[in-house]
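Undergrad: Please build the complete structure, drawing on both the sequences and the hints.
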Amino acid sequence: MIQFFNVSKFYPNGVKALVGATLHIEKGEFVFLVGPSGAGKSTLIKLIFREELPTKGQIYVGGRSIIRMKRRDVPHLRRQIGMVFQDFRLLPDRTVFENVAFAMQVVGAGPQEIKRRVPEVLELVGLKERAQMYPRQLSGGEQQRVAIARALVNKPALLIADEPTGNLDMDTSWEIINYFQEINRRGTTVLIATHAREIVDTLRQRVIALDRGRVVRDEHQGVYAHAT
Amino acid sequence: MLMQLRMALYVFQEAFRSLRRNGWLNFAAAGTTAVSLFVLGIAVLLVVNTNYISKTVESNVEIMAYLDRGLDQNDLKAIRTQIEATPGVKEVRFISKEEALATLAKRFGKESKLKESLGGTNPLPDAFRIRMSEPRQVASAAASINRLPGVEKVRYGQGVVEKMFKLTAWIRLISMVVMGLLGVCSVFLIATTIRLTMFARRREISIMKWVGATDWFVRWPFLLEGMILGAAGALVAVAVLGFSYSALTGKLQEVLAFLPVVRDYRVLIHLFEGLFTAGIGLGLVGSFISVHRYLRV
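Residue numbers (the working numbering), protein chains in the order written: chain A, 1 to 228; chain B, 1 to 297.
Check each hint, because a few of them may be wrong.
Which chain B residues stay away from chain A? Per the calculated CB distances, all over 10 Å, these [said to hold, decoys possible]:
1. P87
2. A213
3. T249
Selected chain A positions facing chain B (Cβ under 10 Å, derived; list incomplete) [said to hold, decoys possible]:
4. G20
5. R78
6. F85
7. L91
8. N99
Note that these hints are calculated values from the structure, not bench results.
The beta carbon of each residue, even a glycine, is placed where N, CA and C say it ideally should be.
TA: Okay, structure coming up:
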């Protein structure tokens, strides 16, 4: 699904965000990306998403090199990827339904399709009854579930979440992570960048650890950090 | 096809949604466009009218060729033939000195004793009055008639024609400059409007990006918004201009009936079409500048 070959990203201000990273994530995997702030997690996600291009190295997503990819093909790459963020990034002046439908409108879906598909994903995240509410009327956890529904609505092959539980309490975080696991069970590859040590340690999934731009650890059934 | 239609619908919805949102700025942008197009319209009307007036004046320009004394009928015939052969001459009329004196006497009034005071002699020369079909040839025709033997001197509205042309050229130049400046202003204001709209909607834009919207899908609503602003300005300009022009020319014809003004509605329709297109063009250029510079999608 995702392959990085010796990928480095240096910013013009001299920051070496990623140094010689090589990693492979297979289709259907569930992967945690951990490491301290500034370790390069966000850069890695931006590279997968082709928001930025690497300074060196080669990246494949879904079997295609995204370095050689033409600009006009980038939207099609992004349609295969669902994104979830720490701050939810919902549109405050639109209802839950409209926020999710928005992602479908953008890729040219028809009204019938939208009317059928949106309630389906809202049901999946348990928000079918909240469809006509506005984001400010919802709790943090509910808002994040709207964001997840939006990320899933176009049936992406890959779901990427950048600190999805960073603004949520422990119980709510667990609830959100359970949704990710459910999504993963249905065949979607899931990559979560997180600081939630307890969750990572409990789930014992694959863990890729970054530190100062380098991949320092990559283990299956891993933990957040080894005692040193 | 269906998908294109749906996209178009979406683009229109988005454009109008954002037009509703920042009202005052839209008002300013459309207003500036309206003012600049209004000035443009005035300038065009001025040029059209001065052209029209100078043409009317020019075609009324006559050449008077005063003749030497003591010419006989054959001489007159010969001169007449040569004048008629001059390029641009439409009509030649002989005015005898008796006729000229009678006209002069009439102008002085019945009570005046013109003939008596002249002592019964007629000091006026015979003359030909020449009308031209091609006003621009008046000067050259006058010069060549002046060289004919038997012609003493030639008179025409020297300078009037040239002044008319110069005036037209100046009006054109000044209005071009004013128009240009105002055009730049309206492009700038539309660009600012679109930029602020984009800033207000940066969240939406980035979300669109993340879910895989194409660049043009993101851009189109902004371009359309700019075009709508330009078109709205143009409509206001056309309405004000049309109304005030017809009112003004109506009044002018009452007061100054001899002054020729253009009242041909086809000319006006042409002008209004032009203004409308220019408005949309200004809007498109303005929004394109902002979309191009500030929307990295």
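Undergrad: Next step is simple, just say for each hint if it's right about the structure.
TA: How the hints compare with the structure:
Non-interface status of P87/B relative to chain A is upheld: no Cβ of that chain comes within 10 Å, the nearest being about 64 Å off. Its closest Cβ contact with chain A, about 4 Å, brings A213/B to no more than 10 Å, contrary to its assignment away from the interface. Annotated as non-interface, T249/B keeps its C-beta farther than 10 Å from every C-beta of chain A; the closest such distance is 50 Å. Contact between G20/A and chain B, as hinted, is not supported at the beta carbon level, the nearest pair being about 28 Å apart and thus beyond 10 Å.
Using the Cβ-Cβ criterion of 10 Å, the hint placing R78/A at the interface with chain B is satisfied: the shortest such distance is roughly 4 Å. Annotation: interface hint on F85/A holds; nearest CB of chain B at approximately 9 Å, less than 10 Å. Evaluation of the L91/A hint against chain B yields a held restraint, the C-beta minimum of about 6 Å falling below 10 Å. Checking N99/A against chain B: minimum C-beta separation of about 9 Å stays under 10 Å; hint holds.
Going through the hint list in order, the structure does not satisfy hints 2 and 4.
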